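With the hints as your guide, set chain B onto chain A.
Listed in order, the protein sequences are those of chains A and B.
Counting in our numbering, the first sequence runs from 1 upward without gaps.
Counting in our numbering, the second sequence runs from 1001 upward without gaps.
Just to be clear, a hint being listed does not mean it is correct.
Cut-off 25 angstroms, straight-line C-alpha distance, at most; resulting in silico cross-link-like pairs (DSS-like, lysine-lysine) [unchecked claim]:
hint, chain 1, residue 1, chain 2, residue 2
1, B, K1068, A, K286
2, A, K14, B, K1123
3, A, K93, A, K19
4, B, K1123, A, K19
5, B, K1123, A, K93
6, A, K93, A, K15
7, A, K13, A, K93
8, A, K326, B, K1068
9, A, K286, A, K326
10, A, K13, B, K1123
11, B, K1123, A, K15
12, A, K286, A, K327
13, A, K14, A, K93
14, A, K327, B, K1068
These are calculated hints, taken from the structure and not from any lab test.
Fair warning: this is a prediction, and the values are worked out from it, not measured in the lab.
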Amino acid sequence: MPSISVTLWSFDKKKNSTKLPASAGTEFTGEMKQSFTLTGLEIRFNLGSQLVAPTYNYAQIPSLRRYYFITDWYYDRGFWIAVMAVDVLASFKLEIGNSSQYVLRSYSRYTPGIIDTSYPTTGEVTRTSSQIAAGTFWGADVTQDTGLIVMGVIGNSSSSVGAVTYYALTMPAFRTFLNAMLSSISWANISITEISAELQKALINPTQYIVSCRWFPILASAFNQGAAVSAINLGWWSFTAPARVLNTVGSAWVSRQNEFSIPVHPQRVGRGDYLRLSPYSSYMLKFLPFGVFEIDSTELFEGDTLGILVDTNLMTGDSVLHLATKKFTDVQYNWDNSFLVVESQIGVPLPVGQVSADVANYQNALAAGVVAGAGDIARSFSKEKEPATKHHSGKF
Amino acid sequence: MALGDFLDDIGSAAVDFGRNLLGGIIDGISDVAPSALPTATAALAQLSYRGTTGNFQSAMEPIILSGKFQHISDMNPETQGSPCYMRDYIHTFSGFVMCDNPIFQSSIATSVEEGAVEAMMAKGFFYE
Chain A
1 MPSISVTLWS FDKKKNSTKL PASAGTEFTG EMKQSFTLTG LEIRFNLGSQ LVAPTYNYAQ
61 IPSLRRYYFI TDWYYDRGFW IAVMAVDVLA SFKLEIGNSS QYVLRSYSRY TPGIIDTSYP
121 TTGEVTRTSS QIAAGTFWGA DVTQDTGLIV MGVIGNSSSS VGAVTYYALT MPAFRTFLNA
181 MLSSISWANI SITEISAELQ KALINPTQYI VSCRWFPILA SAFNQGAAVS AINLGWWSFT
241 APARVLNTVG SAWVSRQNEF SIPVHPQRVG RGDYLRLSPY SSYMLKFLPF GVFEIDSTEL
301 FEGDTLGILV DTNLMTGDSV LHLATKKFTD VQYNWDNSFL VVESQIGVPL PVGQVSADVA
361 NYQNALAAGV VAGAGDIARS FSKEKEPATK HHSGKF
Chain B
1001 MALGDFLDDI GSAAVDFGRN LLGGIIDGIS DVAPSALPTA TAALAQLSYR GTTGNFQSAM
1061 EPIILSGKFQ HISDMNPETQ GSPCYMRDYI HTFSGFVMCD NPIFQSSIAT SVEEGAVEAM
1121 MAKGFFYE
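Just chain A, with the same shape it has in the complex (with noise of 0.2 angstroms):
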């Protein structure tokens, strides 16, 4: 049997690792069997005359250039056989750490992003929220009428926006415009011996001049938008009472603004930034009268703060609402970025004594249901009917 010299170890390593012996190791000499391979041999040594088993599980065989993981040790005739199997990883551990691989998995680089889905959920749910109150968004608070009232008129007004003037009042003021209007007549200046007082009440409603009239949640104290005057014209008349007269687009226009701390996964910690993406994380916005929305966990993924603008047109009472999110580190948000924007109507629609209509709406709507059944009259008679399915080919 060939003679080999064999370093020998006590090693505690896993099977799959790089791991080489920190230590120098016992070295010894060995004989070979006769036929072995470089993945697996067995190696005779002379341990002396004491059946003690041997601690050694691990070998270096210089000559072989390899390490070995010794499986097993059995007895022979007074000699200690070693059982080994190469250890790959061991052996080749420089030109493993000099290759270039895609790495799926790794304990010291990991990508925080992507969804982990070794682990399952344990069934355990956090619920945090975080709010913001109403009158600290819009700035009015409802229960204490200091909310702003802008009411569209018709009457003599180098300030109006189209046929309408806009005027902003405080709910006071509204209340005195209202009593100036109605308490008496006199304003309407007729002699109550050409019209009684009573007939005139009844023949003069002041109310059809007001065409719109809505409420919002914007303090009013703080509004300074628009010139400020001191009387309303309506009609043919005129009523003290202090208002501003929003006299263009741009002056009704108001934006407010606030800001979330986004809610974070309590296991997020660590590796576990992809909690916050769905479907470990889900979120809502309510934010009424927009609606309700589960917002989508990559949109919220990057960011430290939800913002919240609301831009809203005072005449109109039409508001958008855009969402974005920033981090701590960035100045400001980037509303063109917004990942949602949603329309709809913040102002309520205050009653006024006149019943109004949209006119023109009814009159459009009517004249096109009669250009429409003009046409399948038209068609019925027809000769030559076209398919049916042909009738809604035009150009939309």
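Chain B in isolation, oriented as in the chain A frame:
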């Protein structure tokens, strides 16, 4: 039996012995299946309720952002790693590493050994 045949038998038995030993080492390593979900499959935002018009009730309602978080079992990155999906040299990693379709070539390793290294890289190994 001819001497050559006898030696061949002896030789193939030794080869089988060696490969079985090496195979036992590889088979003893449990699989760590790649388990990662691309973020693209995350749920899309939906509008669950759409408001209509302004009203006093809505103007009183607080704006609420709520999060619902499902917990997961304890993580075990030391022996399972975490999703990486990067191409780089192995020596830039440490600890657990699992490769996709690894190719290992060495001027001093046999093809059997190269295959064994590739199998371990695919199953996951510790570079330490």
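To see whether the hints hold, each was checked on the structure:
In summary, the hint linking K1068(B) to K286(A) is supported, as the alpha carbons are separated by about 14 angstroms, within the 25 angstroms threshold. The hinted pair formed by K14(A) and K1123(B) meets the criterion: a straight-line CA distance of about 14 angstroms does not exceed 25 angstroms. Taking the CA atoms of K93(A) and K19(A), the gap is about 8 angstroms. The hint holds against a cut of 25 angstroms. A threshold of 25 angstroms between alpha carbons decides the hint, and for K1123(B) with K19(A) the separation of about 17 angstroms falls inside it, so the pair holds.
A C-alpha spacing of about 17 angstroms is found between K1123(B) and K93(A), which places the hinted pair at or below 25 angstroms, so the restraint holds. The straight-line distance between the Cα atoms of K93(A) and K15(A) is roughly 14 angstroms, inside the 25 angstroms bound, and the hint therefore holds. For the hint linking K13(A) to K93(A), the alpha-carbon distance of about 14 angstroms falls within 25 angstroms, and the restraint holds. Between K326(A) and K1068(B), the direct Cα distance comes to roughly 21 angstroms. Compliance with the 25 angstroms bound is thereby established for this hinted pair.
For a cut-off of 25 angstroms, the pair hint linking K286(A) to K326(A) stands: about 20 angstroms separates their Cα positions. Only pairs whose Cα atoms come within 25 angstroms are accepted, and K13(A) paired with K1123(B) is accepted, the gap being roughly 17 angstroms. Note on K1123(B) and K15(A): the hinted pairing holds, with a Cα-Cα distance of about 12 angstroms set against a maximum of 25 angstroms. Among the hinted pairs, K286(A) with K327(A) is consistent with the structure: their alpha-carbon atoms are about 22 angstroms apart, no more than 25 angstroms.
Proposed proximity of K14(A) and K93(A) is supported: the alpha carbons are some 14 angstroms apart, at most 25 angstroms. A C-alpha spacing of about 21 angstroms is found between K327(A) and K1068(B), which places the hinted pair at or below 25 angstroms, so the restraint holds.
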